[in-house]
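Enquirer: Below are the chains, spelled out letter by letter.
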Amino acid sequence: MGNWTKITLFCFFLGQFQVVFAQNNEKEENSWKSKWTISGYHKALYQYNSINPSFVPQNSPIPLPVVQLNTSDYLYHNRINARFYGKNFTFAAGMRNRVFAGYTNSNFNTLRDDGTLPFSGYDDFLDYTHQDGFIPLNIPWFQSKIASALSVFDRFYIDLDREKWHLRVGRQRINWGINQQFNPNDLFNPFNLFDIDYEERPGVDAIRYERYTGLLSSWEISYAPADSVKNHVAAFRYKTNYSGYDFQAIAGKWKTRIALGGGWSGNIKKSGFSGEFTYFLPYKDLPKINPAQTNLVLSTSVDYAFLDGPFVSLGYLFNFRGTTDPTLVTLLSGNIGRTSPYNPMPFRHTITSAALFTIGELTNLTLTILSTPKAEIFIAIPSLSYSINGDLDASVFAQIFLTENPFEDQYTWFSNAIFVRLKQSF
Amino acid sequence: MKYLITTLALAFTIIVSAQNATEIVRKSELNVKGAQSTASLEIRTVRPTWERNMSVKTWSKGLDQNIILITSPARDKGTVFLKREKEIWNYVPTIERSVKLPPSMMMQSWMGTDFSNDDLVNESSTLNDYTHKIINEIEVEGLECWVVEFTPLPEAPVVWGKIINYISKEGFLQMKGEFYDEDGYLINTMQGFDIEELNGRTLPTRIRMTPAEEPGHFTEMVYKELNFDASLTDSFFSIQNMKRLR
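One line per chain: the protein sequences are B and P, in this order. When we follow the working numbering, the leftmost residue of the first sequence carries the number 15, and every step to the right adds one. When we follow the working numbering, the leftmost residue of the second sequence carries the number 116, and every step to the right adds one.
The shape of chain P in the complex, shown without the other chains (with noise of 0.2 angstroms):
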């Protein structure tokens, strides 16, 4: 009986811990996304001896339903991406035809970025189909973070092998990512810098994604505007809207 107490003490332990670490990721990426949210972007993708920038809109509610509008360079133009729960669709101006997005696509680079269709329209898949554990706790940018690791569970269709995020005790910030595959390699890390207050919510505006083997390459996001009181319905999300928006 006694054996069993124990045993039961350590599960819920385990358990309430876990529930802990998921609910921080929960917390983290509502921080970023709100319940909705509208928000305009300038995206630099920096290589040794070249560089692109790119603006774009983005639409989100929850974290499934996510919209990006591509408003400049003018040759991709209009160009945009809506995801719905684990579908993706590409609109394409020039021919006004919405393409489904194979899921081998996922992992190739979004528009020539460092980041992956996968990181910008994939994101839910961060809280609902890993397990999170507390591993530790450090400073980032000045900043007390828990460090939390990611593990995917058994069936789930992710693309990492474990992520290890550093959220900030206060205000739940994501302020660094670590992105590592099947067999333990760190693949891409994502930095956040420039803390400041937008709309009443503080948050990194600047975001790096830095692949680890590419020695120069980088790509940045920084928020020009966000907004987390946007009345968005479902139906704005959805294969009409595509090309509406503008």
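Bound-form chain B, shown alone (with noise of 0.2 angstroms):
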């Protein structure tokens, strides 16, 4: 190394330490609640869902096991996000605290023993509500017909940040993903886009190792463990940017599978472009591959915010497993409210669409849309959103799901479900 490097080096960290020691002064300066960060909110929501009665007939030949067709359901919902700043490190927890009530958390026996989708398979009604991690994060106050409470902390970690490396250990989360409504690259904790209400998105417990190779670049490695070697994740990741566009390549074990992936964010003249792809392909009797349990997820949009107009987003899914024959049968069946990297909706091909209109400043109106090509399957969420002060928001949003009804050979809605919430956060 030449004396001029090392001098530039010498300096370069210098720079580093003043900044660092400067931060530092202040903090011990200051008393320990500058050490300490809370923020937060706290969220009621009102669900109504209803069931279009003509796919229960009577007679039925696949019976639905539904209870009833139009419900109720009552959230309480507060969050607490504690941040502790050390001299070396930072601790965070992320608290998520609900009070449930109506009719779910009512008659959720009834539903699962009935084998109703998506209730059937899990023990009791807070075990639905929440997907726990290796570690036991979470605390199950009460559960009863009239109301049950769960606290979960879906962040709780620990975090060393150096100026060229970032070691994050414990329930956090792993955002690999990079175009808007799916991502095959999000290995470690995908979410699933119909819980409206989890802006935060679930975490997992991981260790996560990052190396900063320049401003815009870096790699990663993170391992995620779980109750059987099956269930492992652990994968590596390479980011960079290049001519305007950032850039990252993945590969790694994916539970069963091995999974290669890469990913893109840039534009075409004034749109952005971004997208993901992941390939998996089974590792147990490699090197010969069962075609069977590979799979191709392909995801990628197309977006634009017009000038004094809307901002709108086209998307596109390829899911090489998916079927090219999709029902409401298919739908139903393939689980969309707990989605993976691996199969992100049913259907081989699914077109998004997404347009955001801000009406007066303060009033935000979204309509998205999941369809299938010939629409077998469509998905409309349109949201209404009012700023009422700087940190109270209402909003009133909507799932409808709409499809060929078999019953009466007419393409109808199946089911709707209607949300209104406020939040106030802190």
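No wet-lab data here; the hints were simulated from the structure. For every residue, glycine included, the Cβ atom is placed at its ideal position computed from N, Cα and C. Hints may be right or wrong, so weigh each one.
Among the chain B residues that face chain P by a calculated CB cut under 7 angstroms, a handful are [to be verified]:
1) Trp50
2) Lys57
3) Asn189
4) Thr227
5) Tyr318
6) Gly404
7) Asp405
Please dock the two separately framed chains into a single complex, following the hints provided.
Expert: Here's what the structure looks like:
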């Protein structure tokens, strides 16, 4: 190494120390309170669900075990994000506290015993409401027919953050997705697109080491243990920026398969253009590969913000293992509530489109549509939100499923869910 | 020969004048930004029937590295905008993800204010993507100012058709800016008020952006702190640093 290189490096690190030193001094001068930050919100959510009675005929050949067609659910949701800034580390905890009441809570056991999707297969209502991780970090306060309460830590980690590297241990969100709606690169903690009340998205118990190789480039290795080796996830990611594009490549073990993929985010003229893909193959009998256990998932989208107009995005999801004959049965049995990067939607082709309109500055109207190519399954998610003041928001949204009714040979709505929410941030 | 000399002399005069105007613009830009600066600001967006307040911290180095951190309201706290050259990333703290902004977002309102994304993070282009010419001299807020016309370079990826900037002769302060679209219509007016000394530099500490077509609408940014002697490395303006700021 030349002397000049050494001197430059020395000056560079000296600069770093000055910044760190100045920050430490500042922290130490302040009281312990300045080492803590607390933030969060309160939310009240009302949900009204209906199922079209024409899909549940009296002498149906495929009986849908539904106790009641029109139901209401109530939720009080509180979140507390706490952070402690130590001298050499940061500790973070995100606590999600919810009190549930209404139809699903009261009738959960009946629904489960009847085999109703998506409730079958869970022990009880609180088991259904969250996916626990490797370490049990939840407090089931109480469970009754009137109401149930649960606290879950969905973030709980220690961060060691240095100039050139970052180590995080504990329950965290490992966000590898780049694209808007569907993320085949999200190997560690995919989220449920239909869970409209979970903006933070779930975390995963993992160890993650990131090494910064440049201002816009880094590599990362993450490992999420599970109860059996079959469910371990361990993967590597390299991220860089070239010619106005962010690029990433991923490789690793995802449950019983090897996952290889990549993603990009940039623009074509003034439109944003991003996408990601992952190829999965079983590692069990390598070098022999059972083609029936491979899959290619690709998701891409283009977006554009019109001046004084809407922000629109158009996307496409390819899932090779998905069905080319989409019906209501494939939708329901696909268990769309618990998606994975291997099977984000039960269909081979899904088209997504979204538009966001701002009305009079305080009101946002969005419309998201997910549809199979011939609209065999058509899902519309409209939402309207209004900012009452800087920290208080009111919103109304809906999820409407349209499909062919096999009993009446008619294209109509199958189910509707309407949500009304008030959110106070602190 | 005489004709050639006259032409050359004329060309020289024009170049010198253009350089002077550009130099004035450069000095005024550096005046606000410094080579390196950190600031905390209160931003007030006013409408006929309501108003919203926001607090931010900013860090900048040169004219093309910039970070904005939102510190209040609680709903948006921790949101970060990083600008490097022509690219902008937005860090969303709830999902700990940084999203690259497409170029079509540049003219959109920044966080509901009367400033656009372009105003806040893409300012370097006012120096490099325009030619500058002094067209008049006028008094603004009691200060003698040059009136400088900015005309975009033919291929420049800029959003304005023309900018008229009022820069004070003493101290190179940007006292007023008028932003015109490609058809020559006035879109926004930016004004500087409350000239004060902050850490050894004199500058307008309250900046108001008023849209021309919207009566009763404006956004004001008030400097609470401004520091020019920060020591910021290039790695401060990195994707990884967005999540560390507080």
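Enquirer: Broken hints, numbered, in rising order?
Expert: Hint check: 1, 2, 4 fail, others pass.
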